[in-house]
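Keeping their order, the protein sequence lines are chains A and B. If you read the first sequence in our numbering, its first letter stands for residue 1, the second for the next number, and so on. If you read the second sequence in our numbering, its first letter stands for residue 1, the second for the next number, and so on.
Hints may contain errors.
Unchecked claim - Taking lysine-lysine pairs in the DSBU-like style, the calculated list, with each CA pair at most 30 angstroms apart, reads: (1) K85(A) - K126(B); (2) K217(A) - K281(A); (3) K37(B) - K374(A).
Don't read these hints as lab results, they were simulated from the structure.
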Amino acid sequence: MSKNKQAAKGYLPLDTTKKLKSTMGKHYLLARYHKYWGRPLNKKVAWVTSGFPVEILRAFNVFPVYPENYGAVCGTARVSTELCKEAESAGYLQDLCSYARSNIGSITRKDLAPAGGLPKPDFIAICNNICGTVLKWYESLARIYNVPMFIIDTPFIVDRVEEHHVQYVLDQFKNLISELEQFTGRQFDLAKLERIISYSDESIKLWQEIRSLCKTKPSPLNIPDMFLHLAPIVSLRGTAEAVNYYKTFRGEVLTRVKNGVAAVPGEKYRLLWDNIAIWYKLFAFFKMFTERKASFVVDTYSGGWAMDLYLGNPLESLAETYTAIFLNRSVEFRAQQIVELIGEYQVDGFVMHSNRSCKPYSLVQEEVRRIVTKQTGIPGVLIEADMADSRAYSEEQVRTRVQAFMETLEII
Amino acid sequence: MGEFYLGVDIGSLTVKVVLINTSGEIIGSGVKRAGFKGIEYATELRGRLLDEAGIALDQIVATVATGYGRLNFPADKEVSEISCQAKGIAHLFPDVKTIIDIGGQDSKVIKLGLNGRIIDFNMNDKCAAGTGRFLEVMAHALEIKVEEIGALALLATEVSSISSTCTVFAESEVISHIAQGSSLEGIVAGICQSVAERVYALARRINPEPVILLTGGVALNEGVVKAVSKKFAANILVPPLPQITAALGAALAAKSISED
């Protein structure tokens, strides 16, 4: 383990990161050269939202790529802001999600786009369980590429998931399947879908287990680790490769737990994170906390992929799982989720990233913050920034807030 | 030979320095407009305070720096202005529950619990509306000195409201009020009201409770003080030297770190 790497990050690096780079590198390489190997196999490329029931697409031998994950890649590579400007010149507002702008900008600015951009889609697949923006964003994509678009509409869950919600989504799944049969020229294969779901299920369980291991004091991981190692469960969900990947990752985390190794040496404070990462400042931002021996032991964002896959008929189970996604839930649900995590992970304070891009995630945060502090007595702070557009990040403002927040914890 | 502690607050517009003794009493304080030369002026102010009090530099046991320039000033520790402000005010006014601090480029609201512990705080976003800089821009548009705003606002018989929250757009609004022939006093009162409304919105998120106190350079402006007390429907306390309270908190923090 290199000392330099630790100095740059401010905490203990993971060996599995090498495997992450090769796994995701391979995925983007396959994406880039899809026309050479995928076309001859009649393997269609779909541009897919992160909350889409990708298992159904995989059952039709589709190669999915994720503009949202790609947005995160652009953010980490610090090219998002330039790509956003490109989209803005084409008429997209600066108030639009920065993943959307990065993605749209990357279509024309191949010179800046990491991995040469995403491969041209054969169709677009959207599920609005994560936000409403995806509908208009992907509609633009369908228009730009002149390809068909498949939409799954999930009703917003005010209280609990009801039978009629699941039925509504399930009907759309059935419809989607018959449309995909026509579009791909392949027969729907239930056994294949079941196999794919079992891969999803296995990687989700591994992901849940890895998250749970962070309940250990000191925590074996700091949250930027989860943000980075999230990529395979988003992009490779439903594959054996994802399962293998998370087995390796779990192995390393288990070893740390067994040996009492802390991600942040001398862990003094345990924090919770809410919202998507600030990709272009990932380590620089968290360093302000690690310097003060504060470790982020849990978050709500990476928990989005730790959803329970419901048992029973595979399609029904998928319908329920994808409808119950946390961003599709009420303020009370979101607050309760944080209250529970604070208890389970023995959290001392929470940091909310008010993400200019992600309205459904950020809009209710102030209210959630109030409810959580009232119920737990644990303080929380709101940091204003953006996940990919660095123009929305004001260094001094952020530093003052973070520092003042940490000082309040230190006095206690 | 006595021992002393120094607090330095390098803000976006001004530098404030406070020297205290081991009992926490203020021995001397100074304020200077800073701009680019924050650190240089802070050092200069420190020299002046030491000279006036007849104290040698090595009698300063510890120094704490705060404010935007805190990272670069040679100090024993840097502490955020939010913690310093809370520490300074809790020392001077133990009954205060809510601090409204309006500085050069940011405004913040701090809620205090027992013994000056911070319960919650809120800061303005990346926008200078409702701050000292906002008042300067408006004064410039009206061709008056920023110091004149307070007295003029108190003379207003009617208030020309400024609805825009953006400094640039608010300036255009002021210019259109001038064009419409509104009175100078009325426009100035409108500007003060807009600052009060902005800070009220910020404060409401953390449920402000009396006693409420206003600090920062803008607290010197009687027009804003009047507008803030009207908006909060409460009596607003203003310390005698509202600009130096964070620097005082920094000096007190210097005292506590040396005692630890």
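Cross-check of the supplied hints:
no., hint, result
1, K85(A) - K126(B), "holds, 20 angstroms"
2, K217(A) - K281(A), "holds, 26 angstroms"
3, K37(B) - K374(A), "violated, 44 angstroms"
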